[in-house]
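There are 2 protein chains.
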Amino acid sequence: MFQTPYLLFLGDAPDPLAAKVAQGIKDWRPEHCAGQLRLDGCKANLHLPDQSLEEAIAKGAKTLVIGVANRGGSISPDWMPTLMSALEAGLDLASGLHNLLRDNTDLVRQAEKYGRRLHDVRVPSQTSGIANGKKRSGKRVLALGTDCSVGKMYTSLCLEKAMRVKGMKATFRATGQTGILITGNGVPLDAVVADFMAGAIEDITPDNAENHWDIIEGQGSLFHISYSGVTLALIHGGQPDALILCDEPGRPHMRGLPDYSLPSLEAVRDSALQLAQIANPACKVVGISLNTSALSPDRAAAICQQTEDRLGLPTLDPFRHGAERLVDALADI
Amino acid sequence: MFQTPYLLFLGDAPDPLAAKVAQGIKDWRPEHCAGQLRLDGCKANLHLPDQSLEEAIAKGAKTLVIGVANRGGSISPDWMPTLMSALEAGLDLASGLHNLLRDNTDLVRQAEKYGRRLHDVRVPSQTSGIANGKKRSGKRVLALGTDCSVGKMYTSLCLEKAMRVKGMKATFRATGQTGILITGNGVPLDAVVADFMAGAIEDITPDNAENHWDIIEGQGSLFHISYSGVTLALIHGGQPDALILCDEPGRPHMRGLPDYSLPSLEAVRDSALQLAQIANPACKVVGISLNTSALSPDRAAAICQQTEDRLGLPTLDPFRHGAERLVDALADI
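Keeping their order, the protein sequence lines are chains A and W.
Under numbering that gives the first Met the number 0, the first residue of the first sequence is numbered 0, with each subsequent residue one higher.
Under numbering that gives the first Met the number 0, the first residue of the second sequence is numbered 0, with each subsequent residue one higher.
Quick caveat, the hints were computed from the structure, so don't treat them as lab data.
Be aware that one or more of the hints could be misleading.
Non-contacting residues of chain W with respect to chain A, defined by C-beta distances greater than 12 Å in every case (computed) [what the hints assert, rightly or not]:
#1 Q109
#2 G137
#3 P296
Over the 12 Å line for every Cβ pair with chain W, so calculated as not near, a few chain A residues [to be verified]:
#4 D49
#5 G89
#6 K160
#7 A299
#8 L312
#9 E323
Now the in silico label distances, taken between C-beta atoms and shown as ranges [unchecked claim]:
#10 A:R108 to W:S75: 40 to 46 Å
#11 W:Y113 to A:L272: 56 to 62 Å
#12 A:T81 to W:I129: 28 to 34 Å
#13 W:I129 to A:K165: 35 to 41 Å
Backbone N, C-alpha and C define an ideal beta-carbon position, used for all residues, glycine too.
Please take these sequences and the hints and turn them into a complete structure.
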């Protein structure tokens, strides 16, 4: 979808967190990163070579990725000179911002003038059909959360990395904006028209070699009333052979829903498995991924052990402990 | 949304089934029907007064509703003179066709020239926000199917009629094209962007009097892998107090999915209730609606009785037997 390598634009990021999209690309696709471009006052640093547009292009860069988020998701006026110059110099632009590149008439005119492309990853780049439910070859694993933002994408990317290290064939399939910017392709499922959600997931996880794994990025949660329909479309469009449950221990309530408490892992396991087996009767829950980033190492190890004892499934924080035990569980399928 | 009364346009319908949208409007909203307009060769007849455009307008008609479906959902060239004249004469147009009125430049220009409106009910008429899950006042019942097209809309409309006869406050909330054409408002849920599905259902079922019932038209099925996400958004956006399960006995497989068999009513009851209680812990399954249109009266009565004995819930075909026993079950909540 996007041409690589990327020049990562960090803009005037007020802190490292504002550049977390760029950080994700650098963490998971370092081979796609030519360098970083920072404006005066930028407080983020990915420890990539600082490059001007010309330097990046000399190193082969093809796309300037806006790896920084602004309050409100707008395109900052301070970025515009750089974005306009990038198009003129021969780079495409890619963005996950709420305000679309294609709605900015200056950028549209400049892209037309210099024959460059504007990639807005919030907008599906192709239309899908209605899901047909036919059994596809190859294997698929889906990360399912108790809630939104519990670490499903990082779990999936950790899995991909560990599977490849082990010599397995594996492809991360992005279903959200950040994942698409990291990998350069995928579908922004939350922006797909309802009738075509499951079909869009079928499209990005097509027939494959029998020993190939699609690692499907989860979205939302069956228990998050705002987004549960998106989650179920992932389960039924993805027809996964395996589910990995994701949780962040200690959350006081569902994200954005103060009146809703989190489901137990047991409740997610039971609901999800029943629904997943409609599309794939052989589907199993194979392991649990806990986001322990807020916990001490001892506390993280203890809660993983307790959870493993309680559910009888391999339980770990893949970003902290490595994903090998989850990969072993998948390799047994 | 649309101005009433309607003139129902039956066009050159090759058989009565082609005019089933118009039939639905006449069956369920006879008070909105000024008359019918038929072209030469029309084989459908709603037994409404045959009217010219001028006669209908003289009787107060405000909107010409295209109540006939063409193969492929296109706007037939043979209809165009009537549609163009209707706009000129002062009528709005409403359509559920796949090909949109707004994509026909002749109709758009004519509507602009005469200040008329083009209503395409396949396109959401307003944008919704993300569902917030807050408890709303008033009561809600949702029709849930084992499969697509098992009679959820007719069940809902029968319920509305019977509840009003009983003196209850009740409003049918349309979520599909035909339902919207029948009632003149609602949301075409299958055309809503994924993130806003549950929010759209919250919007059409707002706070209401404590003794008022919203009767929410169901879509798809939790067990239909192509559309299950839409169904779950209805369950979580609608936060129903009561569910009515809908089935058509004797189907060989899920609609459009020859490899998928139908779920039992017990499986639908259990899955749906568990998910519905996330949004409304008090939710109950109160009854079962069977579409027995293909069965003899004796066979229909027998299968309703067998199902009632098996599940312990009032079971009937509301179109055939009346919906009173379902209404009684709702009145007890």
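Query raised in the report: Against which earlier hints does the structure fall short, listed by number upward?
Result: When the structure is compared with the hints, none of them turns out to be violated.
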